[in-house]
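Chemist: Spelled out, the chains give:
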Amino acid sequence: MRDVAVIAFAQMPSVRAETVLNDVEMLMPVIQDVRRRAGLDQQQIGFTCSGSTDYLSGQAFSFVSTLDGVGPWPPIQESHVEMDGAWALYEAWVKLQLGELDTALVYCYGKSAPGPIHEVLSRQLDPYHVAPLWPDAVSLAALQARSMLDAGKATEAQFAEVVARSRRNALNNPNAQLAWDRSAADLLAEEPMVDPLRMSDCPPISDGASAVILAAGDRARELCSRPAWIRGIDHRIEPMALGLRDLTVSASTRLAGEKAGIGDAPVDVAELHAPFSPQELILREALGLGEHANVNPSGGALAANPVMVAGLTRIGEVAQRIIDGTASRGVAHATSGPCLQQNLVCVMEGEG
Amino acid sequence: MAKERVAVVGVGQTQHQATRGDVSMAGLVREAASRALTDAGMTWQDIDAVVVGKAPDFFEGIMMPELYLADALGANGKPLFRVHTAGSVGGSTAIVAAQLVQAGIHERVLTVAFEKQSESEAMWALSMPIPFQPPLHAGAGGYFAPHIRSYMARSNAPDHIGILVALKDRTNALANPYAHLHEHEITFDSIKDSLMLWDPVRYAETCPSSDGACAMVLANEAVADRADKPVAWIKGTAMRSEPTMSADRDPVLPRGGSDCAADVYRQAGITDPRRDVDCVEMYVPFSWFEPMWLENLHFAPSGDGWRYVEDGVTQMDGDLPVNMSGGVLSSNPIGASGMLRFAEAALQVRGQAGEHQVDGARTAVGHAYGGGSQFFAMWVVGSDKP
Chain A
3 MRDVAVIAFA QMPSVRAETV LNDVEMLMPV IQDVRRRAGL DQQQIGFTCS GSTDYLSGQA
63 FSFVSTLDGV GPWPPIQESH VEMDGAWALY EAWVKLQLGE LDTALVYCYG KSAPGPIHEV
123 LSRQLDPYHV APLWPDAVSL AALQARSMLD AGKATEAQFA EVVARSRRNA LNNPNAQLAW
183 DRSAADLLAE EPMVDPLRMS DCPPISDGAS AVILAAGDRA RELCSRPAWI RGIDHRIEPM
243 ALGLRDLTVS ASTRLAGEKA GIGDAPVDVA ELHAPFSPQE LILREALGLG EHANVNPSGG
303 ALAANPVMVA GLTRIGEVAQ RIIDGTASRG VAHATSGPCL QQNLVCVMEG EG
Chain B
17 MAKERVAVVG VGQTQHQATR GDVSMAGLVR EAASRALTDA GMTWQDIDAV VVGKAPDFFE
77 GIMMPELYLA DALGANGKPL FRVHTAGSVG GSTAIVAAQL VQAGIHERVL TVAFEKQSES
137 EAMWALSMPI PFQPPLHAGA GGYFAPHIRS YMARSNAPDH IGILVALKDR TNALANPYAH
197 LHEHEITFDS IKDSLMLWDP VRYAETCPSS DGACAMVLAN EAVADRADKP VAWIKGTAMR
257 SEPTMSADRD PVLPRGGSDC AADVYRQAGI TDPRRDVDCV EMYVPFSWFE PMWLENLHFA
317 PSGDGWRYVE DGVTQMDGDL PVNMSGGVLS SNPIGASGML RFAEAALQVR GQAGEHQVDG
377 ARTAVGHAYG GGSQFFAMWV VGSDKP
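From first to last, the protein sequence lines stand for chains A and B.
For the first sequence, the working numbering begins at 3 and goes up steadily by one.
For the second sequence, the working numbering begins at 17 and goes up steadily by one.
To be clear, the hints were calculated from the coordinates, so they are not data collected in a lab.
Do not take every clue at face value.
[To be verified] Covered by chain B, according to a simulated footprint, are these stretches of chain A (three or more residues, beta-carbon under 8 angstroms):
no., region
1, 63 to 71
2, 117 to 129
3, 305 to 311
Note that the Cβ used here is the ideal one computed from N, Cα and C, for glycine as well.
Build the full structure now, drawing on both the sequences and the hints.
Modeler: The following block contains the structure:
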């Protein structure tokens, strides 16, 4: 495999609702920022790949207008996935493996605010048997949380501890949307919102965008003094139907982690895309992260959860820490589909 | 770093039809995928990864339907990927799948593209409201008709060229059992007399709206060498994108298409496309795109694309057959149409195109485009290992 690294990362502060700027206006400063950090203009970038979904913008072909903002002239090599930006990064990583191009721009964006996001996500479900029941995303996550409790794999107190730590960490993250310092005991005193989930166990609704620049081999070393080398990246999917899976484990995360080589060496930092607090516990177990692991120093998806973006942002947050020299080796995770159906794991490392 | 060789070892497609009321979406994709696996002499277990492509999810009313289709596509425990590059998606999906093999990440990749358009109203999903303007067009044809008129003005093409293309493609489709439209009674006059929708594009020169799916199994050299049937070696792949609106661009003869073709021909060692290519499956949803793309893809000199049509160059018995399968004019499940072009090109060089086979085809081009003539995906396939 060719050595490919994240050499730049940019994001906008996630907000409850961006009511003034449209999706493209919201994204453009992020793209300009990431290019500036890499010292590249669009024509110097070999490949461009983005992740977004029409169901957030409410418009078919929405990614097309966005690409106009990126400035694809003269014509560029470009692709798009109807997936979180983490998977757009995967496609760009594959493209760079072929050896013909040395750099890639990956971006993603989405406004969850305009529509009822938890109902919108129900449109992903089995259209014939499940979607007509309109099970919202919070209720599905609550079923998963209930499975954890019933199996004795976790307690509500442990959920609250995840929440307390994540939102406290977010106080150090200028891009986080929801950050406060409250004790787990305090959180446990809340009434459940969708039993057994409390409101604090749930992610905020976020509008956001993020972007990454990838570079290969010596080009990465030219552009960045300490590239975050992708040592392994893999993604796997499970059946969608909740009844076909053990919701208390994430088999696809475990497998993706193995394939990405997470077991090869300890990690200093982990950014896990866990929009609901019980999911962090599931993912920790799947990736073999013990209780002392440094998980979600950014606050994770509980602090900011722009749909289609939060996954790429996890990769960016780990990469930035490696680039800055505050971490040597880290793992980032992204998820898609109801209750952790599909998962991507990316292991990165700095040199020296 | 050297790329692995990659070949098409299996092709499958559904019976394309206005409404496939007999299958769910899962049934539709499985029909195509099962056929591709059977053609490849493989089972679901043999596949390492699945790459799915389709056009906007508003066409079916399901957000990211590949998530729901993971079971139907045998993807449990495997990587499942979803490409969406507007109308070129069927082609770009095949290219992403090919790259997984070329990069040495997987040995056998199943790629599927589909659309179940009957579950929505595709025409209106294609008519994007532009803020602060009255609606200027309905349907994709309304968007493209001015481009076509511009081509006609620039090239002095006679009015009937589009009719000739439609007649050819729909006649070709009669020999393709999977095609949606089988118009046994079609004639030059029946096309000419059909309702004018977006001048100069008549109803009978317009693509249908179809439910359908296409699938291929792509494999590396070690696997392809052991295949029972002839394989189609992928000799080049390319993609280009350009803006919807830019003072520099020419939407009639887009530079993106021209650059994409030049790139893929260079990879495949094609220096004289008209001579070196045996047949072409290009994305022609409205008849006039055939002469336009013949020029854009360097088969015909500028301004002469329409002469090739008039002279019969692109007929089945012509020098450069185009759209032997009947093309997009005969079947258009939008998300699948690009992959159908790529797959039909592969069938040709494998000698597997049945009654629409071009004798002795050894090098074929597959082409897909999308958006406002701004996204291009192409591949060149050949009978001989590169």
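Chemist: All hints, please: hold or fail.
Modeler: Status of each hint after checking the structure:
no.: 1; hint: 63 to 71; in the structure: holds (count 6)
no.: 2; hint: 117 to 129; in the structure: holds (count 7)
no.: 3; hint: 305 to 311; in the structure: violated (count 0)
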